[in-house]
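Number of protein chains: 2
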Amino acid sequence: MLVFQPEGKRIKAVEGKTILDLAKALGVQIRSICGGHGTCGKCRVIIRDGRENLSQPSENELRFLSKEELDEGFRLACQAIILRGREIIVEIPPESGLSRQRLLLKGVERSIALKPAVRRITIRLKEPTLTDQKSDVDRLLDAIESKVGFRPTISYEALRNIPRVLREGEWVITAILWMDREVIAVYPGVRDKPPYGVAVDIGTTKLALYLLDLDDGRVLASASTMNPQISYGEDVISRILYIMKSEDNLERLHNVVVGAVNELIDEVCSKVGIKPSDIHDMTAVGNTAMHHIFLNVTPKYVSLSPYPAVLRSSVDVRAKDVGVKMNRGAYIHVLPTVAGFVGADAIADIIATGLHEMEDHAMLIDIGTNTEIALGNKDQITVCSCASGPAFEGAHITHGMRAATGAIERIWINPETLDVTYKTIGDVKPSGLCGSAVIDAVAEMLRTGIIGLNGSFNSDVDTPRLRRREGAPYKEFVIAWGDETATGKDIVVTQNDIREIQLAKAAVYTGISILMRHMNLKPLDVKRIFMAGAFGNYIDPQSARMIGMYPDVPLNRVKFVGNTAGSGARMALLSTDVRALAESLSERVEYVELGVDPDFQDEFVKAIHLPHREIERFPTLMRIIGK
Amino acid sequence: MLVFQPEGKRIKAVEGKTILDLAKALGVQIRSICGGHGTCGKCRVIIRDGRENLSQPSENELRFLSKEELDEGFRLACQAIILRGREIIVEIPPESGLSRQRLLLKGVERSIALKPAVRRITIRLKEPTLTDQKSDVDRLLDAIESKVGFRPTISYEALRNIPRVLREGEWVITAILWMDREVIAVYPGVRDKPPYGVAVDIGTTKLALYLLDLDDGRVLASASTMNPQISYGEDVISRILYIMKSEDNLERLHNVVVGAVNELIDEVCSKVGIKPSDIHDMTAVGNTAMHHIFLNVTPKYVSLSPYPAVLRSSVDVRAKDVGVKMNRGAYIHVLPTVAGFVGADAIADIIATGLHEMEDHAMLIDIGTNTEIALGNKDQITVCSCASGPAFEGAHITHGMRAATGAIERIWINPETLDVTYKTIGDVKPSGLCGSAVIDAVAEMLRTGIIGLNGSFNSDVDTPRLRRREGAPYKEFVIAWGDETATGKDIVVTQNDIREIQLAKAAVYTGISILMRHMNLKPLDVKRIFMAGAFGNYIDPQSARMIGMYPDVPLNRVKFVGNTAGSGARMALLSTDVRALAESLSERVEYVELGVDPDFQDEFVKAIHLPHREIERFPTLMRIIGK
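Line by line, the protein sequences are chains A and B. According to the numbering used here, the stretch in the first sequence is residues 4 to 630, in order. According to the numbering used here, the stretch in the second sequence is residues 4 to 630, in order.
Any given hint might turn out to be false.
Put simply, identical chains are the same to the list, so a pair is met inside one copy or across any two.
Under the rule of at most 27 Å between Cα atoms (straight-line distance), these lysine-lysine pairs were calculated in the BS3-like manner [to be verified]:
| hint | residue 1 | residue 2 |
| --- | --- | --- |
| 1 | Lys323 | Lys274 |
| 2 | Lys323 | Lys278 |
| 3 | Lys129 | Lys303 |
| 4 | Lys426 | Lys323 |
For the record, the hints were derived by calculation from the structure and aren't laboratory data.
Sequences are here, hints too, so could you generate the full structure?
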């Protein structure tokens with residue numbers, strides 16, 4: 004028997020399986036970035052009992068785990084193979100768990116005219132008689148045609164219900180029409196309930212779902228959760244690699260994300276007191292990989308040069324084909340993607356911010372594991388996708404963690420004493436650093452001279468916080484001492500962590516830079532910068548500018564707009580005009596493939612500097628750090 | 004344990020269940036006309052062992068079974084309830100079994116221009132490059148659009164396969180297009196196989212299915228089977244009553260008929276060496292009740308005044324919604340019905356015979372448990388449905404049986420000796436009479452004066468074959484003596500059997516008569532009579548005319564056209580023009596509800612006479628019988 008602490012979940016200890024395998028089988032969530040290859044070192048667990056029933060530590064484990072840790076019972080869950088089916092007790096330490104995370108549900112909301120894809124009409128029919136034996140369906144469709152001027156088709160589900168509904172309602176019937184084209188559901192008599200709709204944003208890391216009243220456009224409830232695909236790889240590429248490993252894996256990832264969407268639907272329904280079958284419409288957005296997997300369509304070619312998507316244009320699929328739990332006749336409208344990894348979320352971003360209607364040039368940066376950037380105005384929009392990696396979300400960072408309770412989210416360094424002040428989510432003892440804190444740390448260390456413009460620690464800084472541990476290849480800077488932390492260990496930022504942030508911000512800046520050159524714009528030509536993404540709101544704009552994540556523009560031009568992908572999905576749920584707009588944007592927007600740009604390498608290398616090798620591009624920062 | 008002989012199938016003897024219940028659960032077929040109410044007396048079985056474990060014979064059984072039979076172990080399967088779960092051995096005698104029956108698969112075939120709903124196109128696409136990252140779907144649809152001038156949608160199934168198929172075929176792809184509207188399937192490279200289609204005629208009693216090559220229109224294979232719904236009631240009304248008994252019963256009948264269709268599909272596929280997934284189109288016809296049940300739509304209101312159908316117009320449903328085993332993207336085109344019980348089979352009949360194009364007036368009689376009659380020409384067509392009952396198929400007749408091996412199918416009576424000559428299907432010892440033999444018997448007895456014009460036995464006929472058994476309420480005429488038969492018992496036609504035939508033929512004649520009056524036609528105005536139906540071909544036209552089933556017209560005007568419903572379904576499979584024609588016929592054809600016609604009662608009563616109370620309507624017959 005294998006027991007996972009602290010939750011106490013139990014599963015048969017199957018010989019030959021890894022601890023991670025069984026955790027997945029049981030639904031116990033353990034961090035895993037590399038998809039179980041032993042190369043990320045994140046799936047740390049502590050064996051509390053039964054060590055002798057596991058394989059010896061692998062080379063990978065000897066690399067990631069210190070001797071002390073091995074003695075304490077630390078293992079990597081993906082490497083520890085069960086040799087004997089005896090009792091094994093495994094503790095998942097906080098840094099390896101996927102505790103409920105702070106997710107941004109709100110977003111900008113632009114007012115739009117209500118024009119949903121579904122509407123209900125109530126009709127009183129004449130009862131059949133021996134001289135009027137018209138079929139039930141003809142009777143209904145004739146009446147709809149004479150009332151609204153067109154003759155819809157009928158979904159198979161509605162068709163089956165019509166005879167019962169007509170008689171239960173004594174020949175008064177409420178029909179739900181989709182796109183003025185198809186009767187998707189029928190109800191006896193006058194139906195008081197409005198049609199409901201859900202909009203879902205399928206992020207690589209999180210899912211956010213909103214329930215709306217389609218009669219008045221109000222958001223009635225929202226819910227969010229981690230994307231459970233995370234257990235199969237934290238970023239898009241490791242999930243695609245997982246899909247390529249076996250034929251069944253696409254279906255598996257598809258099923259887990261649809262399962263999570265269904266749970267969110269149950270959650271919002273019970274908040275409002277309705278049933279999933281009362282939901283008659285849905286819109287979905289996501290990057291190209293999430294979009295494809297949600298549709299059970301392989302995303303593998305999106306990751307292979309020349310990176311074509313399977314599907315760019317928007318598509319209406321029947322909820323029951325995809326497996327989403329809502330009215331059985333309902334459709335899901337999946338918004339269009341652009342190209343490569345630039346998905347329906349980017350289109351939603353543009354619509355939500357109104358970039359496509361602006362006179363002045365504006366830029367949108369949707370920060371995530373993939374960062375989408377859009378630059379333009381009403382005349383022209385270019386977009387690109389940067390593989391910024393998960394560092395902004397706290398991954399690939401020594402003490403990085405997601406923005407969950409216990410994560411340090413803000414850091415200030417006293418330039419005189421070099422003492423550190425920090426703020427933790429939930430105001431509990433810290434167990435790690437979330438992305439915004441790592442950005443703060445790098446910006447603050449730069450500002451206070453602890454690190455130089457190239458990102459290296461200055462050797463002449465004198466503080467016990469800056470140190471090199473015995474045998475460690477790099478120096479590190481202590482953010483929190485062990486006696487202040489939940490783990491009892493120091494929380495540090497290492498030279499390597501700084502490099503990760505430098506690479507991530509360089510990727511974003513390079514994307515911005517290439518798009519600006521493409522449109523022949525200088526930084527000050529960009530009148531507005533929208534920072535979006537579920538994590539975007541928590542980033543300190545000054546810190547982000549300090550490290551050179553975006554060009555040196557006055558901070559009042561920077562606006563945090565939150566989860567614009569979700570906003571765009573909601574707008575598309577409320578208006579078929581927005582759907583048409585999304586489709587035309589998807590065709591109009593110019594996609595720039597960064598990988599093939601001849602300047603990419605050169606720009607990227609220069610952008611690794613803090614804030615940039617050509618520091619004259621950042622005059623404000625030159626002032627701040629006194630250069 | 005309950006054991007059914009002669010097949011030897013075994014099932015646990017569950018206390019409280021009837022033998023019929025367990026036979027159904029096991030898939031053992033026992034005749035049952037009344038749906039298990041104990042009122043038809045057809046589900047006779049012989050208890051070979053374990054009588055003491057069954058309930059005492061019910062009142063119904065005492066009515067249907069003689070004392071000798073009860074002593075021999077005869078019971079009605081629907082009445083015998085298991086009291087104790089011990090060994091019970093049940094023999095199903097031939098007359099109660101549903102042995103494989105002679106079914107007519109052939110039908111008339113009119114030549115039509117090939118214009119199937121599905122077609123395949125093969126396209127060579129440009130490979131994507133870094134400067135041409137068009138999505139797979141756009142790439143395919145753009146190519147189809149530029150080749151054929153329209154842009155189809157894509158089925159969810161095809162969508163999922165596109166990325167794999169494009170690469171397997173090295174950017175050569177064969178797409179199957181449905182109605183020039185939707186890509187329903189895709190194959191790598193050039194596909195040699197044509198699209199295949201199946202046409203199915205869903206009769207109350209039998210299913211007939213044809214596999215066609217949609218490139219050249221050839222019929223490649225055909226197969227037929229009994230409609231397994233028979234176990235739940237032999238006629239449409241008893242099946243509808245069964246459906247009304249419980250919510251699950253519609254689904255059950257739907258599932259058994261779809262299961263049988265799937266078996267027929269497997270059968271024709273293995274004959275030709277293809278897979279069900281190679282089948283890309285299907286057409287289906289049936290009377291309104293069969294049509295509704297096939298679609299899993301309740302037929303119950305069709306049986307309740309004012310008899311409205313749920314669905315009249317043709318409908319395209321996805322095969323996977325209905326559960327039919329063919330290509331997962333394929334559609335089923337279900338032909339339109341007319342009204343009441345006049346279903347898609349009648350429309351198919353009209354199309355197959357070309358009635359709607361004729362200058363002269365013609366009549367079509369599709370004989371079955373429900374007999375559909377159409378009368379008209381290119382200008383006007385009227386139709387009605389007669390509840391002729393299953394007597395023409397051998398049911399409700401003392402020694403009646405289906406047209407299976409061992410059934411007497413032809414009878415001649417020597418007018419001098421009153422001796423009987425008969426022919427048996429399969430040339431084996433007879434076990435009963437099929438419908439055509441009963442019609443022959445009545446016609447021959449009329450011709451030879453054994454019965455009079457009112458259908459009663461003439462008391463002055465002197466032959467040992469005409470007798471009254473002790474205690475029997477009616478006289479009977481012996482067709483075959485016990486020493487000639489498979490059962491060892493005499494095969495007889497009783498006075499009651501004659502009445503059944505009189506009622507059945509009166510129903511048909513009344514329908515004809517009312518339609519003729521509706522169109523203001525006399526018998527000789529009808530230049531052609533088409534006799535259709537799976538059993539129609541075996542009826543002797545002279546005998547049928549002799550008993551007054553149809554008007555007195557020269558026999559050379561009568562043409563047996565076989566299973567025209569199947570022919571019509573095949574034509575619709577081959578041409579969307581035929582589908583459009585069916586739709587327009589369904590709207591154009593005038594339905595006459597016999598039940599509300601003020602002359603119905605009067606006409607019916609007069610038609611019970613042989614051939615008719617107004618015998619002057621049958622001048623030819625007056626000559627034959629010398630009146």
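Comparing the hints with the structure gives:
1. In this assembly of identical chains, the alpha carbons of Lys323 and Lys274 lie at most 27 Å apart only when taken from the same copy (23 Å versus 35 Å across copies).
2. Proximity of Lys323 to Lys278 under the C-alpha cut-off of 27 Å is found in both arrangements, the shortest distances being 16 Å within a copy and 26 Å between copies.
3. For a Cα distance limit of 27 Å, the shortest separation of Lys129 from Lys303 across copies, 19 Å, qualifies, whereas the shortest one inside one copy, 55 Å, does not.
4. For the identical chains of this complex, Lys426 and Lys323 are neighbours neither inside a copy (46 Å) nor across copies (56 Å), given an alpha-carbon limit of 27 Å.
Hint 4 alone, counting from the list given before, is not met by this structure.
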